[in-house]
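Visitor: Now for the letters of each chain:
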Amino acid sequence: MDRAAIIGVGMNRIEASKDRDTFADMVWESVNLALDDAGMTIDDIDNVVTTSNDFWDGRTISCMAVGDASGVRNKNVSCVEGDGTFGAFYGLTRALSGAYGTTLVTAHSKGSESVSSLISNASFDPIYERSLGMDMVTACAMQAMAYMHRTGTTQEQMALVSVKNHGNAVKNPLSQLPMDITVNDVLASEIVSDPLHKLDCSPVSDGSCAVIIANEERAEKYSGTPVWVKGVSFCSDSYFLGDRDISRAPSLTRAMEKACSMAGISRPDREIDIAEIYDAFTYQELLWLEAMGLCKDGKAGALLEKGEFNMNGRLPVNPSGGLLAGHPVIAGGLIRIAECVKQLRGQAGDYQVQARRGIAHGVNGLCGQSHCVWVLDSEK
Amino acid sequence: MSKHLDDIEPMIYESRISVPYQWWAGETASAFFVSLRDRKIIQGTRCPDCSRVYVPPRKTCPSCFNRSMKPVEVSNSGTVTAYTVARRQFASLPRKVPVIFGLVQLDGADTSLLHYIEGVDPDEMSIGLRVEAEYAEERTGNIRDIKCFRAIGQERS
Amino acid sequence: MGKKRVAIVGTGQTLHRSHRPDVNGQELINEAVQLALEDADMTIRDIDAVLIGNMDHFEGINYVDCWSVDGSGGVMKPIIKLTTGGTTGSTLAIGGYHMVASGMFDRVLVIGWEKNSESDTTGAITTAFDAVWDRLVFAGAISGLAVEAQAYMARYGATDRDGARVSVRDRTHACNNPHAQLRKKVSLEEVLESPMLADPIHLLDVCPRTDGACAVIMANEDHAEKITGTPDWILATANRHKYAYLGDVNWGVLDSMSEAAAELFKKGGIKEPRKEIDVIEMYQPYSFAGIIWLEDMGIAERGKGAEYIWSGATDMGGELPVNPSGGVIACNPIGATGLIRCAEAALQIRGQAEDRQVPDVKLAVSSGFGGCMWSDLILHGREKPEF
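Keeping their order, the protein sequence lines are chains A, B and C.
Position 81 of the first sequence, counting from 1, maps to 81 under our numbering, and the rest follow consecutively.
Position 62 of the second sequence, counting from 1, maps to 62 under our numbering, and the rest follow consecutively.
Position 218 of the third sequence, counting from 1, maps to 218 under our numbering, and the rest follow consecutively.
It is worth saying that the hints were derived from the structure and are not from the lab.
Just to be clear, a hint being listed does not mean it is correct.
[What the hints assert, rightly or not] Computed from the model, here is a short list of chain A residues facing chain B with C-beta under 7 angstroms: (1) D19; (2) L33; (3) S112; (4) A141; (5) A146; (6) M179; (7) I181; (8) V183; (9) D185; (10) L187; (11) D194; (12) G242; (13) A302; (14) L303.
Everything numeric in this text was worked out from a predicted model, so none of it was measured.
Where is the CB? At the ideal position from N, CA and C, for every residue including glycine.
Working from the sequences, and respecting the hints, build out all of it.
Guide: The following block contains the structure:
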């Protein structure tokens, strides 16, 4: 792929409920942070891709709510409905297609404004499944059970993900849930659906994020430090949970292979320095790490116990605190990209790790049906 | 945000969207539900190319794109391949917790069907459990014509 | 790798109908997909990525791109959903273009669909508008369009009779199109006598609700000419989704159309669109738009749109036929509609439009409309573009 870079990022504080902000207010804030970060004005932006979800927003044509705040009035604009990593992918193609040099990508949602169980239940097939009443939490609990059964991963190992990520969040001023907890705290929290406890689950939050992507020609024209996109790919598994082996993530494996191949990476477990991945639930961090080949299959839990994925470990995973510490749906994956960019630039403040090459990852659909993987590099 | 807004009381406006739906099941799904309602038989479809038997049935094979899928009866008995026990009373649940959800691979099918599991203590639930469809007394042609899948004996691993 | 030229190499549409009870949504999608693959003589294995869209609240299914993989052929492929309201179909076509032009994919499948029969259209559309400021006083799509028509009529002295002439044209054209939902002519009197919905819009001035799907296959230059001898090259795209609040709109002039058109023709090197463009497939959700937006596009002079229509210039056989397919008034599966305009323009360029073929089409324009008076435009050409 042609060279492209992320030259600006902006995110606001993730909160349980941003009472004072509409969708547009949140996006306005993160867009301006991204523009300032890049040393650009809105006139330097050639085109815009917004990312939103009609169900979560309670608005059909949800992109309309944030058009003004994203600066679209006199520009070409489009909207992706899905996780922010997918929106950023489309934004990237628009910077590489010859029509535009810079793309502003925004993503938002306000989990506080709706009943998340009903919204995620609406992803179930209306004819064969929806009336049974499963939602995202119970579906993922079922996946966790299958994953534990296949790999022998324990509840304690899963809980350790929560301990790590909430602990990492203590150093991240934008996170919603910085917490100093223990494995016992997690296991003692309310059991929501076997095997998941409350502290195994991410919250449903309010937040937004904006990133600016530029092609090679424009990437070094502004003051923002470019982080180069070396590879990116996405892939979707089957839809019905019963069609899939939900204890595995083959679509993630395929997306990762493709992205790494584009980046010239043959041993991601050795060549990647930091990973911001989509930990909507504790078990997911472990399952995704294995599916991506960042560690051996079935071994993520044991390696976590050894400290491999801690801030000072072999491969820091989610030094930002991840989604467990704050999860605005849709924006979640774009925030992973933004956090990875900060790390690779050396701008992560108190939670900085040594990193030249990183992975940012986002998920769409039930139980990680569809994954998008970005390979980012501080060097051109 | 602007300072002059700091002291303003944030207002919240409540509403519900009302968009009623009726989904066309299509012929393939209709045949499945008629079979549940009238014959208490679960019907899948088989792809002539890859021979996979899909439950719920498909009009077209998702991997081969073959459109000449053949209806195939599968057993009312099967094995649980994944499950969870819902303990918190989520808003989407139409029943009181605990509710056991399971993916059931019926004998003769290559995919699993999502449904409720009963007849087993939630704390004793396990992958590999053998279950059998229990039908509702009053059936109207929808997935709840199957009341649940009931445990029928020893686990098979 | 790098910027690549992109062409449409195959299209497929269902026979769009008011109700399709024989299929569920993703089976409907599959019909269009299979037709497009047949048209391009490709298999699903040849497709590198799938773009899909609809308006969620019309089907009540969240994460539709995930839900529809069986029908779209997307299992173990990259799938992405684009949705921008009424412009969804054209947004998707533009998305397919960028995905291929960027070099990221060689061949993509673009799908737009809607099963309008499954929901309350007005209930769904009303949720598009801001819950605090606009929703309580707004009643579906028609009232906004009526405001536009009234503003234009006040300015230029047009009447509902002028709008009706557009309906007559499109309903006549639709008789040549087996895919269109409404294939019966209407007369001027019938339109004017049909029930008034929102002054000056009569029932026969507006689009129906339709179940339908459309699929378009795009390929880069390395593949396009191997797949077909008649590729439809995408020469340029432009859009504006300007407004978020109804009160901001400049009623009576479709700003988004005039700005997007100016950009489109500049990018495409078109100096006199009325002379150079051979056919237009316009997303025209109601008749009056066919007058106003031709002016906004720069085809007719400001205030002279009705005169242009009455002259017969936009009828089949005229100097610049508009909507040979019958357009949106004859058929409107909303999430597909913008993509159908694109597919119909492609059929015209490729000489595949059968009874609705305009002779010798070298340049075509397809458009999308939606949201709060938004416009999308695509310029299609028979000749491979220079770089």
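Visitor: If a hint holds in the structure, say so; if it doesn't, say that too.
Guide: Evaluation of the provided hints:
For the restraint placing D19/A at the interface with chain B, the shortest Cβ-Cβ distance is roughly 4 angstroms, inside the 7 angstroms limit, so the hint holds. For L33/A, the interface hint is violated, the least distance from its beta-carbon to any beta-carbon of chain B being 13 angstroms, above 7 angstroms. For S112/A, the suggested interface contact is broken, since its CB lies about 10 angstroms from the closest CB of chain B, more than 7 angstroms. Interface restraint check: A141/A against chain B, minimum CB-CB distance 4 angstroms, threshold 7 angstroms, status holds.
The beta carbon of A146/A comes within 4 angstroms of a beta carbon in chain B, closer than 7 angstroms, and the hint placing it at the interface holds. Checking M179/A against chain B by beta carbon gives a least distance of about 20 angstroms; that is not within 7 angstroms, so the hint is violated. Checking I181/A against chain B: minimum C-beta separation of about 20 angstroms lies over 7 angstroms; hint violated. Contact between V183/A and chain B, as hinted, is not supported at the beta carbon level, the nearest pair being about 20 angstroms apart and thus beyond 7 angstroms.
Here the hint on D185/A is broken, as its CB sits about 18 angstroms from the closest CB of chain B, past 7 angstroms. Nearest Cβ of chain B to the Cβ of L187/A: about 14 angstroms, over the 7 angstroms cut. The hint is violated. For D194/A, the suggested interface contact is upheld, since its CB lies about 4 angstroms from the closest CB of chain B, less than 7 angstroms. Checking G242/A against chain B by beta carbon gives a least distance of about 3 angstroms; that is within 7 angstroms, so the hint holds.
Against a cut-off of 7 angstroms between C-beta atoms, the interface hint on A302/A is violated, since the closest Cβ of chain B lies about 21 angstroms away. Nearest Cβ of chain B to the Cβ of L303/A: about 24 angstroms, over the 7 angstroms cut. The hint is violated.
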